[in-house]
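Taking this note's numbering, the leading residue of the sequence shown gets 1411, the next gets one more, and so forth.
In case anyone wonders, no lab produced these hints; they're calculated from the structure.
Among the hints, erroneous ones may be present.
To be verified - Within a straight-line C-alpha distance of at most 16 Å, the following computed EDC-like cross-link-like pairs (lysine to aspartate or glutamate) qualify: (1) 1547 <-> 1469; (2) 1553 <-> 1426; (3) 1480 <-> 1426; (4) 1418 <-> 1462; (5) 1438 <-> 1469; (6) 1540 <-> 1426; (7) 1484 <-> 1496.
Stated by the list, open to error - What follows is a list of derived Cβ distance ranges for each label pair: (8) 1446 <-> 1517: 30 to 36 Å; (9) 1424 <-> 1445: 30 to 36 Å; (10) 1532 <-> 1439: 17 to 23 Å; (11) 1435 <-> 1525: 30 to 36 Å; (12) 1422 <-> 1547: 28 to 34 Å; (13) 1458 <-> 1551: 33 to 39 Å; (14) 1537 <-> 1447: 16 to 22 Å; (15) 1437 <-> 1531: 20 to 26 Å.
Cβ atoms here follow ideal geometry from the backbone N, Cα and C, with glycine treated the same way.
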Amino acid sequence: MDAIFWLKDMFRQELDLRPPSLARISGKSIIIYDGDNPVAHATRTNRWRGSEINCLVVDPAHRGEGISHKLLEKCGNGRLFAYTRDARLQSVLEKAGFERSTTPGILSSVNLLISRLGMVSWMILSLEFKRILHQLKHIRDYKLYVRE
């Protein structure tokens, strides 16, 4: 299966992620395959003083196999942070040395705010109201994890 089609399908299933129309495979993408089929994806995006791990997704058929740990290893070293409300991913992040935090830093926060405003604007333009409402409903549930 082509990775971009798989990724768009995963985004359709997970309302916590960006809209499928924003799915991209680029040099920032980390993909794990099982044979020819993608089973996990993460994107590492530069956010000034560190990188955000965003859009981390593992195919439901392959969850519980340690693939999230492999994705985090492939994200490399340096300052990394991730927002999630998924208890399983929170546990994986903690095991990988991430700690809960309240802010990724001022410059990173400004960068995040600008990127999130752009994403919300796109969701409005592409009529992704169900996704917007879902994310707004759960906004207080998202937790920040940082690894220095």
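Hint by hint, here is what the structure shows:
no. : hint                      : in the structure
1   : 1547 <-> 1469             : violated, 24 Å
2   : 1553 <-> 1426             : holds, 13 Å
3   : 1480 <-> 1426             : violated, 21 Å
4   : 1418 <-> 1462             : violated, 20 Å
5   : 1438 <-> 1469             : violated, 19 Å
6   : 1540 <-> 1426             : holds, 11 Å
7   : 1484 <-> 1496             : violated, 20 Å
8   : 1446 <-> 1517: 30 to 36 Å : violated, 40 Å
9   : 1424 <-> 1445: 30 to 36 Å : violated, 23 Å
10  : 1532 <-> 1439: 17 to 23 Å : holds, 19 Å
11  : 1435 <-> 1525: 30 to 36 Å : violated, 18 Å
12  : 1422 <-> 1547: 28 to 34 Å : violated, 18 Å
13  : 1458 <-> 1551: 33 to 39 Å : violated, 25 Å
14  : 1537 <-> 1447: 16 to 22 Å : violated, 31 Å
15  : 1437 <-> 1531: 20 to 26 Å : holds, 25 Å
Of the numbered hints listed earlier, those contradicted by the structure are 1, 3, 4, 5, 7, 8, 9, 11, 12, 13, 14.
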